[in-house]
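Participant: So you can see what is in the structure, the chains are spelled out below.
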Amino acid sequence: MHSALLDKIRGIVGAESVLTGVELSPYVLEGRTPAAAVFPGSVEEVSALLALASDEGIAVTPWGGGTKIAIGAPPERLGLVLGLRRLNRLLEHEPGDLTATSQAGITLDALQGRLAARGQWLSLDPAFGEQATLGGILAANASGPRRHLYGTARDLLIGVTVVAADGSVVKGGGKVVKNVAGYDLPKLYIGSFGTLGIIVEATVKLRPRPDDDRLVLTCFERLKDCGQAVRLVLASDLIPSAVDLLDGEALRGVGLAPGVETGGALLLGFDGMREQVEWQCEEARRLLAGAGPVAQRVLEAEARDAAWRSVRELGGRVFPEAAAQLRLAVLPSQVAEVIEQAGAAAQRCGLRAAFGAHAAVGIVTAVLAGGGESAQPVIAALREWRELVRAAGGHAVLERAPLAVKEQVAVWDPPGPAGRIMERIKIQLDPKGILNPGRFVGGI
Amino acid sequence: MTTLTESRRQSLGRALEGIVGKAAVLTDPQELMVYESDGLTLFRALADFVVFPTSTQQVSALVRLADAEGLPFVARGAGTGLSGGCLPTEGGLVIALSRMTRILEVDYDNQLAVVEPGLVNLHLSWAVGPRGYYYAPDPASQQACTIGGNIANNSGGPHTLKYGVTTNHVLGLEVVLPDGEVVWLGGKTRDPLGYDLTGVFVGSEGTFGIATKIVVRLLKKPQAVKTVLAAFDEIDRASEAVSAIIARGLVPAALEMIDQVTIQAVEDAFGCGYPRDAAAALLIELDGLAAGMEAQAERVVAACREAGAREVRTAKDEAERQLLWKGRKSAFGAYGRVSPAYMVMDGVIPRTKLPYVLRRVNEIVAAANLRVGNVFHAGDGNLHPNILYDPRRPGEEARVVQAGAEILKVCAEVGGSISGEHGIGLEKMDYMPFIFSPADLATMHRVKEAFNPRGLCNPGKIFPTKKSCVETGPAYRAHPIEEKGLAQRF
Ligand SMILES: Cc1cc2nc3c(=O)[nH]c(=O)nc-3n(C[C@H](O)[C@H](O)[C@H](O)COP(=O)(O)OP(=O)(O)OC[C@H]3O[C@@H](n4cnc5c(N)ncnc54)[C@H](O)[C@@H]3O)c2cc1C
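Those sequence lines, one after another, are chains L and S.
Going by this note's numbering, the first sequence opens with residue 1, and the numbers climb by one from there.
Going by this note's numbering, the second sequence opens with residue 1, and the numbers climb by one from there.
Calculated directly from the structure, the hints in this document are not laboratory data.
Certain hints may be false.
With a Cα cut of at most 25 Å, we get these calculated SDA-like pairs of lysine to any residue [to be verified]:
#1 L:Lys-406 <-> L:Ile-69
#2 S:Lys-226 <-> L:Ala-70
#3 S:Lys-220 <-> L:Leu-331
#4 L:Lys-171 <-> S:Met-429
#5 S:Lys-162 <-> L:Glu-94
#6 S:Lys-213 <-> L:Ala-392
#7 S:Lys-226 <-> S:Ser-125
#8 S:Lys-221 <-> L:Ser-333
Okay, the calculated bits of chain L under chain S, using three or more residues with CB under 8 Å as the criterion [claimed, not checked]:
#9 385-395
#10 411-420
Partial list, derived from the structure: chain L residues whose beta carbon lies under 10 Å from chain S [claimed, not checked]:
#11 Arg-147
#12 Gly-173
#13 Ile-190
#14 Arg-231
#15 Glu-275
#16 Arg-317
#17 Val-361
#18 Val-441
#19 Ile-444
The beta-carbon is built from N, C-alpha and C at its ideal position, and this holds for glycine as well.
Next up, chain L with everything else stripped away, as it sits in the complex (with noise of 0.2 Å):
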């Protein structure tokens, strides 16, 4: 980048908001190492450096807490890396309205620490918290457990101020908990990974926090008992905020089943009010019996809560060194015959494999571990479960793995016909293709 760019640049932010050379080591994306990182403090600097952006022709990577940076294609062009992490204030919270208005690059617990300190909590709990930013967990469409009962970002986003590729600001949605005016934009930049648009500010709905939150975590010997399991928790009257499922080789490996031989377990949440969440407990323990269980314990406090982070980032925690991170999306009746597949198929590529799924909504995480030195059996298994997944009607995200591997293994799978309108609106809202360009979806 001319230095004449890079001194307008810092004529936006300032000169101690932008780093270059050395100082972007933490920026470097699948080997590539951008020409400079740069953190507006202010919706009109994104504003201008889009403008400049756009002028220019530069690459523009928006970041947040880089938590899912590493999701995707390797990018075409690494131009400017855009780091939303000063835009981290909490514009406006109206208890009575249940909502909330937020700058995009506040952490996810500074936000939720703000509003438990008024008794409410925006409904998502991706892995991550204390790094992931709210427009990040947007823009990735980031979720965690309790998405089984309070839905993902599509169900929370009621309104959304981003930065288009030309640096217009947009606002799609609004504040109000319903709305029906016009194009329901914001469900556009959910998931969109930051190729439409550049979050800035998001409001949300809210909910009351729960008096009680337990985790009644139920152990099989099979990990097929679970599939069982879960099929009669969805037939009855218990409504669990979460219905999680990790395999034998999850449960060791992040030492939730400590002394038990178990196939796989059962995790189920309840929170609301206390008697609620007692009579939940009672009855998930009684309707479970009835499925053979070898282990059954009831969770509270910190021993929850470190429960809950282990399923959330499985990747990170079950092996010491993940080879690879895919995510399936499946019918949830069939999520355990999947993952009992997948595991077969890891083990005649000779690895192996640990596996979490949300399971009645059939959202599956599966961590690759082994292979040595060599990317090829990584690259076999990834194949086979990509056909699998395919096999079953689902849909597959390569959410993690070496360059190597991403050389011989796609991200995401092809879009098919609907592809078509994605690439239109792509060009529509970034004709210059300069925002995360090559990254997303069908080279988008």
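Knowing the structure of chain L, use the given hints to seat chain S with the ligand on it.
Facilitator: Just chain S with the ligand, lined up with the frame of chain L:
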């Protein structure tokens, strides 16, 4: 109608008949008139043809023909929309989906169903009810409106406070794009690959294409339900109770407000047991687990009492509960007794702004020398002021429209929205700038370009346009489904 030459009209008619059969094409102006309006009878526009396809293939062939011929087209469900959304503003083709009503698949294990767009909303809940499931979005028109129309308008209902609106219950769509291609957006699995096209299609008011299959979530019926009626001597007190309930950490399934004008009309007509002299009443419904239900109801009662309710009553049994809901749901039918006509407004505000905005609504309507009845989704802040008037009096309808615009301006000023469930359609195109900047609107327009680049699919809606052959008022008529007593307007 467009200005088609007679020979072109005939050749198009033959081509349409070739696709759907002779019995499924209307061309007689008398018959076409049935399709010139929707639930908002203020606007009328006549199509050149109304066609009734029975399959995705037929819809696709129709759209391909329209695209090749440069003929505008618009999907129509039950025609209960309240913003003129399904009107053929530039003539052309109305593609009526009322013969695509099948439930294609119900998968209880995965709690989903695949349905055709012409299926009537309530019929889905009826079909899955015996197994203990239901389809949550419950517009008051649910005995008549279609799931396809619900998708297009992202419709809501009284129970959307807890369970969300249509978009929260749709997983995937099979869509015929405006060039006739059939694509799936989303599907049965979650977190669809790429952009959330299902998410933007829902609420696009028929301007992105025609949905031909819809994958929806099914919910289990709750174990227990509790319904509370609270009466207040001042409307402000009722508004404050709404916020007090929310502030106590409760999320009722429904939280509705009914004002005095409405209560008296309802009591005169049906006698549902609402206190006639109350300034306002709240109808609050809790649902969920039986455990803790009593305690929650107590919290609701306490919140109402503290806000100054003069009477709080819990329905003793299902019969009393039904009676209370009847009062709420028959409000619109009851207006007929006190006024020759009324126009329903639809705006949204942050619920903490209720006291102020309700006062302003009353002022605006009084200044226009009109009367208003309020019956609405207070928990969501979704207002429905119903302005009562007499269409035979010259100029009165115009004053109603003017007062409606002022009310929406107030909604916008307090940080709200100009529509909570009825959509923009033809009615509110000119009010979009109340809440959206030129840049916001330009972005929406670009997204529309991606789906509907030639603009033939439902033209003349959402964004202001000059080219239009719509006729307006004076025109209040009760909607056919209201006349049949099937539904009331919320
Ligand atoms: C008495 C009464 C009460 C009502 N109560 C409520 C209420 O409580 N909540 C609420 O939200 N609304 C309510 N409405 C409004 C209306 O019922 C809803 O907007 C409903 O969803 C419209 O469905 P419909 O099948 O009648 O659609 P139509 O009126 O036929 O069409 C509405 C829009 O959908 C489009 N469309 C229809 N089918 C398709 C398809 N398959 N693919 C793409 N686009 C399509 C049309 O082009 C049009 O833009 C009420 C209306 C009346 C008359």
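Participant: Work down the list of hints and note, for each, if the structure agrees.
Facilitator: The hints, checked one at a time:
no.: 1; hint: L:Lys-406 <-> L:Ile-69; in the structure: holds, 15 Å
no.: 2; hint: S:Lys-226 <-> L:Ala-70; in the structure: violated, 49 Å
no.: 3; hint: S:Lys-220 <-> L:Leu-331; in the structure: holds, 18 Å
no.: 4; hint: L:Lys-171 <-> S:Met-429; in the structure: holds, 18 Å
no.: 5; hint: S:Lys-162 <-> L:Glu-94; in the structure: holds, 19 Å
no.: 6; hint: S:Lys-213 <-> L:Ala-392; in the structure: holds, 20 Å
no.: 7; hint: S:Lys-226 <-> S:Ser-125; in the structure: holds, 20 Å
no.: 8; hint: S:Lys-221 <-> L:Ser-333; in the structure: holds, 20 Å
no.: 9; hint: 385-395; in the structure: holds (count 3)
no.: 10; hint: 411-420; in the structure: holds (count 8)
no.: 11; hint: Arg-147; in the structure: holds, 8 Å
no.: 12; hint: Gly-173; in the structure: holds, 9 Å
no.: 13; hint: Ile-190; in the structure: holds, 6 Å
no.: 14; hint: Arg-231; in the structure: holds, 7 Å
no.: 15; hint: Glu-275; in the structure: holds, 4 Å
no.: 16; hint: Arg-317; in the structure: violated, 22 Å
no.: 17; hint: Val-361; in the structure: holds, 5 Å
no.: 18; hint: Val-441; in the structure: holds, 4 Å
no.: 19; hint: Ile-444; in the structure: holds, 8 Å
The structure does not agree with the numbered hints 2 and 16 stated previously, though it agrees with the rest.
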